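A.B. asks: One-letter residues, chain by chain:
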Amino acid sequence: MVTRLAPDARSMVTDAEAEARAAGSSLVEAEHLLLAMSTRAESEASRALASVGLTHETITEALDGEFAASLSSAGISVDTGSLGRPSPEPPRRLRLSASFKSALERALTASAGSRQISSGHLLLGVLGADAGTVPRALRLAGINQSELAAITRHELDG
Amino acid sequence: MAVVEIDPLRGPADSLAAVVALRRLADQLEDAEVERAMREGWSWSQVAEALGVTRQAVHKKHAQRLIAAGVDLRRR
Chain Y
955 MVTRLAPDAR SMVTDAEAEA RAAGSSLVEA EHLLLAMSTR AESEASRALA
1005 SVGLTHETIT EALDGEFAAS LSSAGISVDT GSLGRPSPEP PRRLRLSASF
1055 KSALERALTA SAGSRQISSG HLLLGVLGAD AGTVPRALRL AGINQSELAA
1105 ITRHELDG
Chain S
176 MAVVEIDPLR GPADSLAAVV ALRRLADQLE DAEVERAMRE GWSWSQVAEA
226 LGVTRQAVHK KHAQRLIAAG VDLRRR
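Which chain is which? The protein sequence lines are Y and S, in order. So for the first sequence, the working numbering puts the first residue at 955; every next one is plus one. So for the second sequence, the working numbering puts the first residue at 176; every next one is plus one.
Hint data in this document are derived by calculation from the structure and do not stem from the laboratory. As the structure is a prediction and not an experimental result, all values here were calculated from the model. One or more hints might be untrue.
[What the hints assert, rightly or not] Far from chain S by the CB rule (all over 12 Å, computed), these chain Y residues: (1) GLU971; (2) SER979; (3) ARG1039; (4) ALA1066; (5) GLN1099.
[Claimed, not checked] Which residues of chain S face chain Y? A partial, calculated answer using Cβ under 8 Å: (6) LEU200; (7) ASP206; (8) ARG211; (9) THR229.
C-beta: ideal position from N, C-alpha, C; glycine also.
With the rest of the complex left out, here is chain S (with noise of 0.2 Å):
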C-alpha cells in the first residue's frame, strides 16, 4: 500500500506544492473516471454516492462537459 509521507525535512514550499499536486491529480481522476462510470451507464445517484457528494454537486460539476463530449445522459 502506497502510504503518503511528507518529509518534515522538506520546508512547507514544496509540502504545499505537494497539496495543489495532488488536488490537480485529484481533479484529474475525478474527471476522468466519472466520464468513464457515465460512459458505461451508471447513473448521476451512483456516482455521487461513489464519491460521497450530492447528486446536485456532481451533476452540476460534469453534466456540460459529458453533455459537450456526446455521453448520452438521458433517463439517468
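Extracted from the complex, chain Y is given alone in its bound form (with noise of 0.2 Å):
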C-alpha cells in the first residue's frame, strides 16, 4: 500500500512522525498527519486546509484548546508551560495509533479508482473521523467537518 502513496502524500505520512516526535508523543495520530498536511504547500490538502483557515499554527492552537477543554471536563486545569519538558523520543521508528491506522485506511477507500493515494485523499481519511481528537479540535476550531470534505473532494476533482 505505502508503494502507491503519490509523493507529497508520502513525504506527509514521514513528517507526521516528525511532528508526533516534536510533541513528545511515542505514538503517531492522526492529528500528527493533520499538522504535517498543514505545512506542505501546493498540495491539495494544504490548499483545503488554507481555504478555511487551518495552518500548522492555527491546528496546533485547536489541538491545545481541545486538549485544555477535554481536562477541564475532568475538573483538572494545567498551566502546560509548567510541565517538564521530556526529551523526545530518538530517532526510531515511532509506533502507528489505531486513529492514523484508520485515517490511512479512509484514505486507501478514497483513492479507490485513482492510481495513487494523493494527499487529498490523506485529508479526506483523516477527515473521516466521527469522534476523537481532530473531530474535536476541529470544532473548536469552528470548522464545518463535512464542509471541509466537500472542499478537498472539489481540490481532487480541480
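Bring the two chains, given one by one in their own frames, into a single complex with the hints.
C.D. replies: This is how it looks when you write it as C-alpha cells:
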C-alpha cells in the first residue's frame, strides 16, 4: 500500500512522525498527520486546509484548546508551561496509533479508482473520523468537517 | 485537593475525550519526571517502585530516550 502513496502524501506520512516526536508523543496520531499536511504548500491537502484558515499554527492552537477543554471537563486545569519538557523520543520508528491507521485505511478507500493515494485522499481519510481528537479540535476551531471534506473533494477533481 | 468530577450532563463524547486527555497528561508527566529522577541519580529500581511497575517495564519504556538525551545511566 505504501508504494501507492503519491510523493507529497508520502512526505506527509514521514513528516507526521516528526510532528509526533516534536509533540513528545510515542505514537503517531491522526492529528500529527493533519499538522504535517498543513505544512506542505502546493498540495491538495494544504490548499483545502488553508481555504478554511487552517495552518500549522491554527491547528496547533485548536489541538491545545481541545486538550485543555477535555482536561477541564475532568475538573483539571493544567498550566502546560509548568510541565517538565521531557526529551523527545530518539530517532527510531514510532508506533502508529489506531487513529492514524484508520485515517490511512479511509484514504485508501477514498483513492479507489485513482492511480495513487494523494494528499487530498489522506486529508479525506483524516476527516472521515466521527469522534476523537481531530473532530473535536476542528469543531473547537469552528470548522465544519463535512464542508472541509467537500472542499477537499473539489480540490481532487480540480 | 483537586477532585475529578465528570459532569453527568455532558455526554460520553466529552467524558471519553477527558480519558484521552488524562492519559496524554499522565504520559507527558511520566516522561518528564522519570527523566528528572534519573538525572538526579535515582536507580531504575527506585523509579519502578515509585511508579508501581517492574524495573524491566520502566527500563524498556524510557532507557533509549534517556540515553539519546545524554543521561548517564551506567551502574543503575
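A.B. asks: Return the numbers of the hints above that this structure violates; sort them in rising order.
C.D. replies: 2, 3, 9
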